[in-house]
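Chains as they are written, first to last, in our numbering: chain A, 1 to 403; chain B, 1 to 404; chain C, 1 to 249.
Hints are computed from structural coordinates only; laboratory data are not their basis. Beta carbons are placed, not taken as given, at the ideal position from N, Cα and C, and that holds for glycine. Check each hint, because a few of them may be wrong.
Some chain C residues judged to face chain B by a derived CB distance under 7 Å, without partners named [claimed, not checked]:
#1 Q41
#2 M44
#3 I48
#4 R55
#5 E56
#6 K60
#7 G81
#8 I95
#9 A97
#10 I102
#11 S107
#12 G115
#13 F118
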Amino acid sequence: MLFKIAWRNIWRNKTRSIVILVAVAIGLWAGIFLMAFYNGMIEQRIRSAIESEISHIQIHHPEFRKDYDLRFFLPEGQSMVESLKKEAGVKFAGGRMIINGMAASAAGSAGVRINGVTADSEAALTKLSGKIVSGKYFSGEVKNEIIVGKKLAKKLKLELHSKTILTFTDHDGDIASGAFRIVGIYQTVNTPYDESNVFIRAEDAGILAGLPGQFNEIALLLEKDEDLDRVSAALLKKYPLLEVNNWMEISPEMELLVMAMDQMMIFYMGIIMLALAFGIINTMLMSVLERTREIGMLLSLGMNKLRIFGMILLETVFLVLAGCPAGILPAMLTILYTRKKGIDLSIFSDTFSSFGYSNVVFPSLKPGQFGMIMLLVVITALISALFPARRALSLKPAEAIRK
Amino acid sequence: MIVKLTWRNLWRNKRRTMITMASVSFAVVLAVLMQSLQKGVFDNLIKNVVSFYSGYLQVHKKGYWDEQVIENSFALNDTLLKEAGYVAGVQTVVPRIESYALASSGAITKGCMVCGTDPLREDKLTQLSGKLIKGSYFSTEANSVMLGAGLAELLGLTVNDTLVLLGQGFQGSLAAGKYPVSGILRFGSPQLNESMVYMPISAAQKFLGAEGRATSLALEITDLGMLESIQQEMAVSAGPLYEVMTWKEMMPDIENHIRADSAGFYIWTGILYLIIAFGIFSTLLMMTAERKYEFGMLVAIGMKKMRLGLMLLAETFMITVMGTLIGLLLGLPLVWYFREKPVRFSGKMAKAYEQFGFEPIFPTVLEPQIFITQALIVFGLAFLIGLYPVWSAGRIDPVKAMKK
Amino acid sequence: MLRLRFFFILIFFLPALLVIAQGARDVIKKADDKAKGKSSQAVMTIQIIRPSWTREMSLKTWTKDNDFALILVTAPVKDKGIVYLKRKKEVWNWIPAIERNIKLPPSMMSQSWMGTDFTNDDLVKEASIVEDYNHSFLSDAVIDGRDCYQVQMIPKPDAAVVWGRVLLWVDKKEFIMLHGEYFDEAGKLINTLHASDVKMLGGRMLPARLEMVPADKKGNKTILLYRDLVFDKPIADELFSTQYMSKVQ
């Protein structure tokens with residue numbers, strides 16, 4: 001019986017009903033979209049770090065990362081890379097010989113990290129070839145090719161085909177040096193990185209270091225992010241003596257960034273929900289006020305307070321439930337649309353684009369979050385409706401009728 | 001006359017008016033809170049970043065930043081220090097002498113960054129003493145050094161061991177010295193952790209053969225908004241032989257990261273306004289619906305629609321103004337509270353933050369500009385929405401309206 | 001008659017022919033060997049001149065073959081007793097003030113040596129002007145009243161030298177390197193080395209004054225003055241050891 005009354009009440013006052021419906025719909029749409037947007041932002045950061053810098057997993061000799069001492073290389077690096085390529089879940093694998101040393105030109109010298117990379121693997125792992133702004137990627141045409149960052153090239157006054165001398169302490173503790181020719185100049189978002197990282201072929205690095213054909217770092221890119229833990233565990237088992245790190249361990253700053261963004265999102269969602277709640281409370285209050293006469297009538301006819309409360313509550317529930325699809329549908333559509341096209345943030349910040357940082361955010365939603373938002377909005381709406389409903393109860397029938 | 005009428009109208013139905021006003025007030029409070037929080041978090045981030053090492057501004061000899069060698073140091077005189085301190089907004093001035101050097105212990109040698117500084121002032125700027133994990137903080141009298149934990153580990157040194165430093169001194173002299181380690185520091189940034197050696201400035205000057213000289217003055221300021229004006233004033237006061245740089249110029253990457261982040265927040269704010277606007281709208285909608293009868297009556301007895309519209313306009317105006325003012329009054333203590341007692345988060349997140357040397361808080365800022373801007377925006381929004389009842393009154397059909 | 005004429009012409013022109021046949025590389029090698037000898041001991045002064053200050057140091061040096069060198073600073077007092085030891089590709093530094101012997105890592109190699117316009121690297125790399133370049137003659141010139149060959153040196157592709165091109169002027173009679181110009185790969189002059197005050201040193205005609213001027217730093221130069229030089233006196237290998245560094249006089 002209560003249901004019927006509640007249902008009819010909804011239709012009786014179309015304006016009010018529509019208002020609540022739309023409020024819920026907007027709340028849902030906003031909540032879902034915002035969450036997706038934020039997800040997209042975080043994902044974009046992580047993706048960019050994983051796909052162009054740190055990869056998903058890195059493997060080293062356990063002592064290597066302390067001081068990058070060349071003595072601690074990976075035994076059988078080549079065969080390891082081959083077998084890792086075939087490992088389940090691994091998309092790309094590549095070996096590197098990393099050496100800390102100096103780069104010098106006639107104009108000066110600078111401390112650099114010499115990344116000896118496997119040319120084709122590296123292109124796949126970190127899109128190095130894509131970062132090149134001048135010249136070209138390793139091609140094997142010239143001996144001792146080197147690719148340097150734009151900032152370093154500027155500092156040492158190097159151009160394409162310039163010569164730079166790399167010096168470092170080799171495997172036996174002696175000073176080794178070699179002349180390298182610039183074949184390409186790269187640029188990334190991160191200028192300090194550009195200033196201190198140079199790339200040569202792993203083969204050339206190994207020869208100079210006295211460790212021909214060896215690697216001291218292996219990086220892996222996985223097919224799916226979700227496989228991270230599984231693959232890490234499998235590798236730890238397979239190579240118990242080696243250090244296997246995932247991207248969060250290699251780059252704790254990234255992990256911090258992600259957590260920080262998550263936290264902020266929760267906070268802002270809270271504020272948005274609050275705004276929604278106020279909106280609904282106000283509307284419902286107004287509505288209750290408007291229905292004073294009607295409620296007073298019902299009370300005087302003998303309907304008990306609890307039932308009136310229940311009636312108002314039911315009306316709200318119906319409206320909220322109706323509002324859900326009304327909110328979810330546009331939300332999904334918006335997400336689908338922006339997902340394809342992406343949201344270009346460069347209108348807000350033009351400095352962004354000067355970095356080659358992707359300005360475009362692709363909102364996306366994880367299934368769990370979707371349900372969470374729905375729950376949040378529904379609960380907010382219901383609670384917001386409760387307050388005015390209680391007020392309705394405190395109306396005195398006699399006064400109410402007279403209104 | 002209109003004012004009186006409007007006022008009476010409004011108070012005739014207290015509840016209705018209150019509810020409408022409340023929607024505007026809440027809108028103001030939320031908008032103010034959101035913006036204050038946003039700015040507060042960013043400012044705090046900047047504060048954390050600059051107190052890592054650089055300070056908000058630095059003064060160097062002109063050309064030092066491009067070529068950071070000891071030859072580009074300047075003579076540290078009291079006048080410069082004093083003048084820097086007098087510039088309005090500058091809270092602390094830290095004189096430093098910095099140089100790349102070689103740290104050695106036993107057979108291990110590693111490059112390091114020697115920072116000779118004033119222990120007390122440095123502490124004010126970077127909370128250096130708080131980073132101490134072993135031993136004791138250095139003092140001006142002692143000749144001892146403090147190392148980053150990463151560096152100490154690499155060299156196999158701990159408190160009371162001896163550190164050997166070797167490097168390029170001033171005017172071509174050789175810089176060499178042995179120093180006892182008084183303390184070990186842990187920095188959030190791995191780079192600092194693995195390369196910093198702190199010494200009292202006089203000991204460092206002696207080491208580098210650069211007595212009475214400094215490479216930079218690092219400044220701490222009270223109000224981030226004054227950054228550029230302080231820079232200008234300092235540049236004038238120091239003269240053409242010096243360069244004054246802000247943290248933005250010294251760390252352009254971080255500045256860009258922060259700016260990039262804030263771009264996303266525009267969207268958040270936009271959505272908040274949307275929801276707020278809707279809240280106000282729905283309230284007004286209900287109000288209009290409720291008063292349909294009243295309006296119909298007024299028109300039926302001869303009130304010109306235009307007059308009715310004007311009357312409603314006046315009502316809207318009053319409600320909006322009052323609502324905004326109340327919102328501001330409510331917002332003030334709220335924002336102030338969150339500035340004094342910011343939200344502290346804990347758990348894994350907090351640990352990660354602290355590891356980096358960041359405070360795990362979300363503070364707000366109390367800035368009149370934010371209050372004014374937000375108030376104006378909400379006011380504008382509310383007023384625009386408030387035109388709806390006016391418009392609907394214009395379309396009223398008295399007969400239909402009174403049919404209730 | 002014709003045969004006799006021919007014979008005379010040959011005798012006259014023979015020395016000239018011999019000189020032309022001498023390759024540019026040989027010229028450089030001869031000059032290099034003359035300046036170094038199998039071993040040497042020297043007493044010298046280095047002056048560092050800058051726009052706003054100058055500094056003077058006195059040194060004693062010992063070299064053996066191209067692999068070993070020992071440098072002892074004897075003045076000023078602040079730096080007295082500092083020793084640099086080069087063993088093949090290693091450079092060691094003994095500092096009495098801290099009583100430590102430190103092996104210089106690569107990061108220090110490109111730092112200036114004792115504040116001069118030479119780098120630590122220059123101490124190690126000296127030996128390669130013969131091996132690491134391709135030599136050829138350019139037109140002769142007169143430097144300080146002496147006839148000189150002008151030799152152009154282009155680094156071999158694999159050579160670990162930063163220069164793009166080096167020009168050396170070598171005195172034809174005494175095979176002394178009188179002037180050197182060092183260019184980067186773009187052809188810009190980076191360093192100029194000028195030798196003068198040629199006199200008898202250790203039984204050979206050698207310049208007693210070497211001046212190094214960097215092109216882009218106005219008012220900077222480093223001057224080496226040889227006060228005493230002895231060649232090919234046998235030096236024990238033990239002198240060039242890290243243990244001996246603290247005892248060198």
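Sort out which numbered hints this structure fails and list those numbers smallest first. 1, 2, 5, 6, 7, 13
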